[in-house]
Amino acid sequence: MCLGVPMQVVEHDGITARCEAKGIERSVSLFLLQHEDIKPGDHVMVHVGYAIQKMTAEDAKISWELLDEMLTEEELMGNA
Amino acid sequence: MTDARTWLERIRALPLEGKIRVMNVCGGHERSISMAGLRGALPPEIELIPGPGCPVCVCPEEDIYTAVQLAMRPDTILVAFGDMLRVPCNAPKNEPRTLEQARAAGGEVRPVASPSEARRIANENPDKEVVFFAAGFETTTAPVAGLVAEGIPANMSVLLSGRLTWPAVAMLLDSETPGFDALIAPGHVSAIMGPEEWTFVPEKHGIPSSVSGFETPSLLASLYSVLRQYLDGKAFLDNTYINVAKPGGNPTARRLLDMTMDVVDSTWRGIGTIPASGFALKPAYAEHDALVRFQIDPKQARKRIGEMPPGCDCARVVLGKLYPNQCALYGKACTPRNPIGPCMVSDEGACHIWWSSGVRPDTPQEAVSAHY
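Protein chains in written order, with our numbering: chain A, 4 to 83; chain B, 123 to 494.
If we strip away everything but chain A, and leave its shape as in the complex, we get (with noise of 0.2 Å):
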């Protein structure tokens, strides 16, 4: 459940945001944060469904290879 996948935001209204990631799109709580001024374009770390920090492009490139590369494994692993 700690594992977080980055996103960058398209729109938003303040509260919620349409986040995309790899092609996917998602909706994402911004209610935790409150204290930042996300703009369109910004990467945030979700969890939940729940962005948690705001983040640079650069971290959010390095997070998704991981997460590209553990896909990968697991699939290759046969995850069952």
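I should point out that these hints are in silico values taken from the structure, not numbers from a laboratory.
Since the structure is predicted, the reported quantities are computational estimates derived from the model, not experimental observations.
Honestly, I wouldn't trust all of these hints.
Said to hold, decoys possible - List time: in silico DSS-like cross-link candidates among lysine-lysine, alpha-carbon distance up to 27 Å:
hint, chain 1, residue 1, chain 2, residue 2
1, B, 141, B, 443
2, B, 368, B, 356
3, A, 42, B, 368
4, A, 25, B, 368
5, A, 42, A, 64
6, A, 64, B, 368
7, B, 326, B, 443
8, B, 404, B, 421
9, B, 443, B, 454
Claimed, not checked - Some residues of chain A that are not near chain B, with every Cβ distance over 12 Å (derived):
hint, residue
10, 11
11, 12
12, 13
13, 14
14, 23
15, 26
16, 28
17, 42
18, 43
19, 44
20, 57
21, 63
Stated by the list, open to error - Per the computed footprint, the stretches of chain B lying under chain A, defined by three or more beta-carbons under 8 Å from a beta-carbon of chain A, are:
hint, segment
22, 152-160
23, 235-249
24, 258-264
25, 305-314
26, 371-380
Where is the CB? At the ideal position from N, CA and C, for every residue including glycine.
Use these hints to put chain B onto chain A, whose structure you have.
Coordinates of chain B only, in the frame set by chain A:
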């Protein structure tokens, strides 16, 4: 950013002697370590120990028993993170032992990936009671606090099984045999609560520590840091995930946790009660607290506090005292397809992670160290 290969070279160049045991306290870290095969790439002196980093694994039986009982009420929809559905509790014969079995027996159980989904289900089913069984560490409990603070539907309540991670590490360190020499502290817990929560580890116990991200370069940078600290005899709290685990954590999340929840003594499955280690909804939110709303008799539920299923060594795995494949059930009676204990159920359980990484019961311990 320095890449993984460079960090590995720096670690290999360190004058290590004897065994140095480094514990992680996050299932996400253990997954990264196992999937990247880090144990095999590191010098043999370094022992990487998975610690109490799986919220599903430490969720007490009484909470699962209560969730199963609520799921069997005809007027109720029980909503839980998918990981929780197959975790067993001790129940009388012929009664469901898991939420999955409760569903098969006619209870309405729905897996969700987010507290927002739980709220949507409540809004879509106004004639039903919707109970959100929320088990998790600070990273998951903060969004639950957000949900409660934002306002939840009248027909919705929360069965909260939230836990704080640092008290489990404090308990290990206060014990006679902590079992580790350095600590990799959890990145996303620190993103919420602030990395400062972990300063007690080096300052009170002299144990080298570093908050880490989940990518291999961040993990190796943290590992290099704690090894250097160990060799230099100077323990402090480092942070290699500074852009996400920011000083002070997430101020909104912390404010909402303070606003909606109290920190209380809590039971950890197979471990017992750890002081000030869990979250409970504040009395102001009692109408949305499933324990109050359904008048759960704690004495009845607490009867369910049992040991692990016979032969299951999950508790010792969670405490870092035993490697997953040293459990007699690992890969024999207990596999992800037919799990006996929670460590094999959850994606974040050390047993599940090791199995997914290819460790089998007949894999020799030297090979585990060499390849995984």
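(message) Going through the numbered hints above, which ones does this structure break? Give me the numbers in ascending order.
(response) As far as the earlier hints go, 20, 21 are violated by this structure, in ascending order.
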